[in-house]
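Q: Chains as they are written, first to last, in this note's numbering: chain A, 129 to 546; chain B, 57 to 894.
It is possible that some hints are incorrect.
Stated by the list, open to error - Derived EDC-like pairs (lysine to aspartate or glutamate); straight-line CA-CA distance at most 20 Å:
| id | chain 1 | residue 1 | chain 2 | residue 2 |
| --- | --- | --- | --- | --- |
| 1 | A | Lys277 | A | Asp316 |
| 2 | B | Lys110 | B | Asp120 |
| 3 | B | Lys243 | A | Asp522 |
| 4 | B | Lys123 | B | Asp134 |
| 5 | A | Lys355 | B | Glu730 |
| 6 | B | Lys245 | A | Asp515 |
| 7 | B | Lys562 | B | Glu382 |
| 8 | A | Lys355 | B | Asp733 |
| 9 | B | Lys407 | B | Glu527 |
| 10 | B | Lys245 | A | Asp154 |
| 11 | A | Lys333 | A | Glu308 |
| 12 | A | Lys205 | B | Asp266 |
| 13 | A | Lys277 | A | Glu305 |
| 14 | B | Lys243 | A | Asp515 |
| 15 | A | Lys205 | B | Glu268 |
| 16 | A | Lys333 | A | Glu356 |
I should point out that these hints are in silico values taken from the structure, not numbers from a laboratory.
So you can see what is in the structure, the chains are spelled out below.
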Amino acid sequence: MARAFTFIHTADLHLDAPFAGIDAADPRVREVLVDSTYAALDRIVSVAVERGVDFVLIAGDAYNSRDKSLRAQLRFKAACERLSSAGVPVFIAQGNHDPADGWTANLTFPQSVRYFATDSVERIEVLDPESGEPLCALYGRGYATGPTKLNLARGFKRESADENAVAVLHANVGGQEGYESYAPCTMDDLRAAGMDYWALGHIHKPSELSDSPRVRYAGSPQGLNPKEDGPHGCWLVTMERGAILAEEFVETSAVRWARSTLDVSGLDSLEAVHTAIREQCSLARAGADGRPSVLRLELSGRTEVHAELARGASFSELVTEIRDEQMGESPWLWVDRIRDTTRGVLDIEFLSGVEDFTGDLVRIAAEAIGDCELSAALLAEALAGVDSAFGARDRDAASLIEQARDVCLDRLIGGDDR
Amino acid sequence: MRLSRIIAERFGSLRSATLGPLGDGLTVVLGPNEAGKTSFTTLVRYVLYGYPTKRDAEPDYECDAGKRLGRLVFSDGDSQWALERAEGTHGGQLAVSTLAGPDRHELLSEVTRGVSRDSFRVVFGFGLDEMVQIEAGRGAGMDILSKLYAAKVGLEVSPSDVRAGLESEASELWRPSGRNPELNALKAKITEVKRQITDLESQASRFAQDQERLTEIGEQLESARANREAATLRAQELGTAAQKLTDLETRIAEATEQAHLARQDASADDRKRAAILVDERLLAVAAELGEVLSESSGFRERLRRASEQELEISSLRARAALKLTEAAVEASDADAADLGPETTAGLERWKTRLVGLESQAAMSRRAADAAKDATEPAGSQSDKARRATSGSRLWAPGALLVALGLVIVVVAGVAADLVQAVLGLLVTGTGVALLVRVLHPQTSASSALSNERITGQVGATELAAKRDAAELLQASDEWRTWLSARGLGHAGDDPTAASLLLGSLKEYRALVADADRVAVAREQELAACAAYRAQLASLTEHVTPALSGVEFEDIPVQAARLSQDLQAARAADVARRELSTRIASHESTASQADARLALATQDRSSLLDRLGLAASDAALVAAEAARANESARAATEAFDGIASEHTALATRLDNEGRDSAMATLRLELSGLHERRDSALERYAVLALAEKLMAHTQAFTEQARQPQVVRRASELFESITEGRYVSVSVPSDGGEFIVFDPDSRPRPSSELSTGTAQQLYLALRIALIETLDEVGPGLPVLMDDVLVNFDPERKRGAAQAIRHLAAHRQVVLFTCHPETARLMQEVAPDHTQLALERC
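So that you can see chain B by itself, here it is in the shape it has in the complex:
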């Protein structure tokens, strides 16, 4: 398979250009400057490997006419395919099209197999700029020789890349310097953890020493505690004693003063007491007298009441006399008359009886008269009229009796008088009987039909009337007898008058009784007054005038005077008693003060003796207490300091004992060691792998790559016409070395530009000759690479190129006609194309 045409569209100066058909072997393209030779070379790389991005250090060959496009037409026999790539994202999309023959979708990978973009640029499509890259690129990860060799032997990656990867990984694990590699970091961490462990170990080793120190401090602490307590106790004792002494001395002074003052007060009060005058006699009966005097108001009240009673008696007696006068009864008669309840009841009975009898007699009389009238003949009308008249005459007494009877009943009910009530009922019954007769006259009238019967009745009624009158008369006699028997004979026959007299006599009697009763009460009041006076007089026999002879009316004045005297006596007595009490109190206070004084004085002496400061006083003891306090404070400070140190040390030791930091650190160290060992193991494998690779590479260079180098040496010797006879390519990436016939080495950096380019060309040709199936479809595009060669060496190079073209398609671009001619001479059968300046 070979590249037959290169077609450029809008690629730099190549607006639309086709280069081809290219020959199977060597094609020499002659064109002036700016004809697009380099553009075609570059275009091939871009189509095969994509258009470069802005970051790639590649010429862009942009065209303002539109997107760049390149097409490479490959042919194999009669078949043709095109690889076309227009610029776009990610290097542009590649399209594979079949122009003739079967499809070959994998055309690109088939063509470029094993050849990277850099390898192509350095080895297959190069100009003067790329010539040196075959050597210079080795240190920058572009060991093209190695890469191509790896590709040649079927390796997925070049040994150099593998070595670089191994070195890189190993350096991530460890580097002689730096902190980031894993092992470096682990080592630092291990050192740090070890330091911490050492610190802790030193802490632990101090433990016993510290514990001894703790014991020592503990003993000091106990001693300090004892000192502190003794000093504090002494200070407290002295302080208390000082305070107590002060108190005692105060108490002594106070007691002395108090005794003195009490005695002064007692004398004064005694004098006051002696000056007080008291009525002892009055005071002797003060209690009884006070009690009696307290009743003086009662006396006055009695006296007033007696006076009022006297007036009342006079009034009552006057009214009684008036009653007698009104009743026209002598007092003796009045006093003798029986005014008892039987008399009153009897009087009422008599009144009723007499009224009844009178009514009976009257009714009998009228009945007799009526009967008599009824015996007289008369027409029915006139009988009726008489009956009517007779009826009408009965109506009035009947109604009167009924009314009277009812009144009696009512009065009896009110007075609860049974006799009167019976009498009332009788009267009422009589009235009712009369009324019945009035209401039923026809019955009588009808009975009157019989004259005999009427006559009989007239006689009967007349008889009854007489009997009733006699009965009334007899009753009247009995009534007067009854009245006389009760001393009421002068009351006459009228029961009502008798009742009135009875009432008057009763009132008289009541008035007299009231007057007697009041008189008795008055006498009692006067007796009480007399008793009061006598009592008062008996208690104040010494008082002048003697009260026993004083009128009742003067007693209140005397009592008031006595009361004042008694009050004064009592007040004087109270004052005297109070003074006595005060005097006693003063004397007691003085005695107590004396006792306190003695006690305080004794206590003070005892206290001073106990303190061993017999000759001291409170001030001296206070000063001593202040000094003791200072000592106690100092002892306390010393104790606190020691206690603080003891606590801190004990706490630290306790914490150290509990702390698991050491164990944790050891475990962490263990983990670090484990990770370190693991990393070291991985590093060892990687480092060893890298060395193995290096050895293999060296071996390969000696045993296998010399095939390339030997061929390069032959070519270089040929090109330089024997000036140099061999080439060396160090496997460690070092500088190429050439040797002259005397085996004198000369590094490439000391070669002239032309000679160095000849060396690089020789190496490329030798390498490409060995590549066989690496990049099988790739042509070798040389862009005026012979320009710096002198004619002799250029010819040698042309020969080498011709030889290469026998193995692989070669396109040699040149702007020098003499080069084209030289190639024509060396390889007359090559294809020659011409380019015009764009």
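Bound-form chain A, shown alone:
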């Protein structure tokens, strides 16, 4: 009879992830972000060594791209060597970001690092290194060439003799939104496999899909963009005879992401907005559990400060001042972006009934917003040049026209003191 054993379930490390959409102008932030995925990996290794786990499971996307960066491969190799030295084997099911046919630097990994087969589900029996008795049966399948739309979960089937069975797969279970539907499958598919634990990857937010069987997404051990806010880490699972004795989520992120929307309606000065943002930063810092954090903020609401915020120089100064303030505190907080979606206190409805230039403007804008062709033509007319230079992009024409309208009205009515 196999003894109780403990393993780490992680996935989506996305080593060397580029952090798209982040404006890390401060070198301290850049330095931490550049190393954050590796720091999370190191933390996982440390947890594995300190807790004396029996093995580590990686459910895909250890690397960020199929053409893994050299640095990522070397760092991953170093981590595996550290685990190997501690007698902790690593089992990897490759994902869409790091399929088997991706470029490798031909590095020699420790023999204790095993990749699951990509052409079919592979069963690997983990033995107790002391007794040599079977400890657990691992089932896994990696991606061979990249994203796959095949339901790989259906290939999993527990052997009846297995006392403990754990499945490792990179898949979108239940078609979760916001993620590509790779290796799509359903909870029924997972249940049908008869596993005790499903170690899943692909969804970056840690989640618990089911307790019977135990189905877990480890999530990315480090949030990779501002949308991936909240705690990120790995699962530490203890099993015996198919039962989960203990389950612990260990946070591993080096940097926390935070997002918030700040309604500045009612605030009538830049100073008040500044104070409100500062409070928002304090909240984000308090929620970061002592880690550095990156905050993305959106200012919303109709406010008298809108015109002032809309002025590039004032807004830029505000952002700079807040960044300096927050980076001066410990742990630091980087305000990645403050998006100003505020509107002025203009009474658009009233203006739309006025027979003058402003009324004409409001009506013309409303007409364009209500007419897709018209709005498209207006956008094309205004942005053809810049689009030819930077490429066409998806835009919310209505929102843009509204913003443009408000800019015009602010300047016409509020005066243009630029």
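With chain A held as given, fit chain B onto it using these hints.
A: Same frame as chain A, now just chain B:
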């Protein structure tokens, strides 16, 4: 409210001039050239908007009489106010004063509301120079039509200005060309960062290839290392062997030479050794003889001492004989006398005893004599005298005894003689007793009072004196007996003489004893000398003459000769021994050289055999070693080259692996994209806003501004008497266009000067007619603007002006009387003023 008077002080040619009162509607001011018409028009602008600075393209109208000053008097019913501005900094300070009625501190803003300085110059106070500005200024940010329209509809800023601002801001974000706009710069930066990333990616893609190359180089390196080591080893082996062979051959030559020389030296030394003669017999006893000879100085010393002793003996014996002679004693008696310490002590005792007895006897005698004298009668005085005399007689012997006794005591103390000391004390005591008697004569004297007693005493003293004398005599006999018993009888009765004799005999005895002692010593010396001679003789039996018969005095000479012979024998022996040693050494050296030669020869053969160069020699092996060295150097160079390449490649790969530049660049690219997207978003809003403004403007021009344009068309048609029927003012700032009755367009640039000015006047009048509350207090000042009109069109223009004057105060300056007359005809109710030439 209307302008009623214009007052100029020190303003160009207008030193102090007032124009007014102006009419509520049309005022025609007729004046010749240089009457100040343009000056008044300009003055109004300066008072309302400030005096121009040097940089403004405005006429200055300066006056050397002092600072310029202008005053405008406005009236509204019975109320009057004045706006006064004197030139100064920042355009001069404006003063508002109330001439009548309530105060109106905001008079200026009320009067000029919505009308900028440029708008006033182009539309309200204009001459021929400004006529064209209504069109030409549009491209230079002076779209007066638009500005005034915006003011009319209550906008804070004209749509044109807003559009210009939007365009300006958008162009700061992006322009089709140029590097400075934010997006242009970001795009360039993104391109650069992407290029760097591509470079790094290509580096990374080379990694596997490079690593294979590294492995390959590593194998080459191992092979090169083996080659280098083998070549180096062979070179070292050959080099060492060459050196060793050279050494061996040197050793062979040296050993051969050394053996030969050693043997030569041995022969030579052997010959030398054979030539050396050595007194073997002497050498046989060399050690003992040397020892004996080393004592020859002792022999000589003994001999000298024996001689000296002989002299001393003679001297001592002579002195002893002299002593006997002096003592008059025969030698036999002297030898027989007892001179022991008892004799000496006894002699002293006898001396003391005899002296004591003599003194006793003498004192007894004197005491008897004194007692006898005391029995004789005599007066007290004479008794006293006798006692005194008797006392004085006792004083001397008492003192003598005391002194003598003390001397004896002292001598006895020095000689530690107890007997003498006792004797001394007795003598001293006797003396003291006598002295006591001298010192206490009255006691005796008092006792003498009794004659009986004195007589008794005389008898007693006499008896004592006799007894003492007898005792002395007996002692003297005993003394002589005692002396004779000790062989000193001839010394007489005098103890002192006996003492002297005793001393002389003692000296004699001492001298004789000394002479005997020296004689004994001499005999010993001579015996030692004899023994030395005998020893020397026994060791040199072969030496002639035999030393046993040689006198002591000749022995030192013989010893010296023997010593020389012995030294020579020893030297010869040493030389012979040294030669033997050297010969042995030479022979040993030769043997060793032979052994070395054999060994070196064997080693050489073995070495050559081991190298596989049996037939070679050191030179050939050295040449082979040089060739091997060259091979080793080449192998080392090859190894170093490969190692260098290996290290460089390994280092580069290692650095590439550690380098976070790629990640940093990606993050930077991300930031650039973020900033680019943000800028694009802002650009989109601005560009779209500008287009929205443009569309609205176009719409407004079509839907609302046509009111102005239509009115302008009517006026222009009227002025041109139907030559042109409509006007178009493009919203994009393009050229004005007029249309004839056949709708043929004609741009303003193709119109004659007069016709164009008529168009501009029509537009101004049409615009001003619609302004209503814009610049409500501003009059329209026209400075001879009809001068280029032909009479027919001038009349039409006059009609338009008259019509305008119904809505707004108009002041028309002209220097042409016919124009004034025309205005009189067209508008008979207007106010007419005249100006004189300044």
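Q: Find the hints from earlier in the document that the structure breaks and name them by number, from lowest to highest.
A: Hint 4 contradicted; others consistent.
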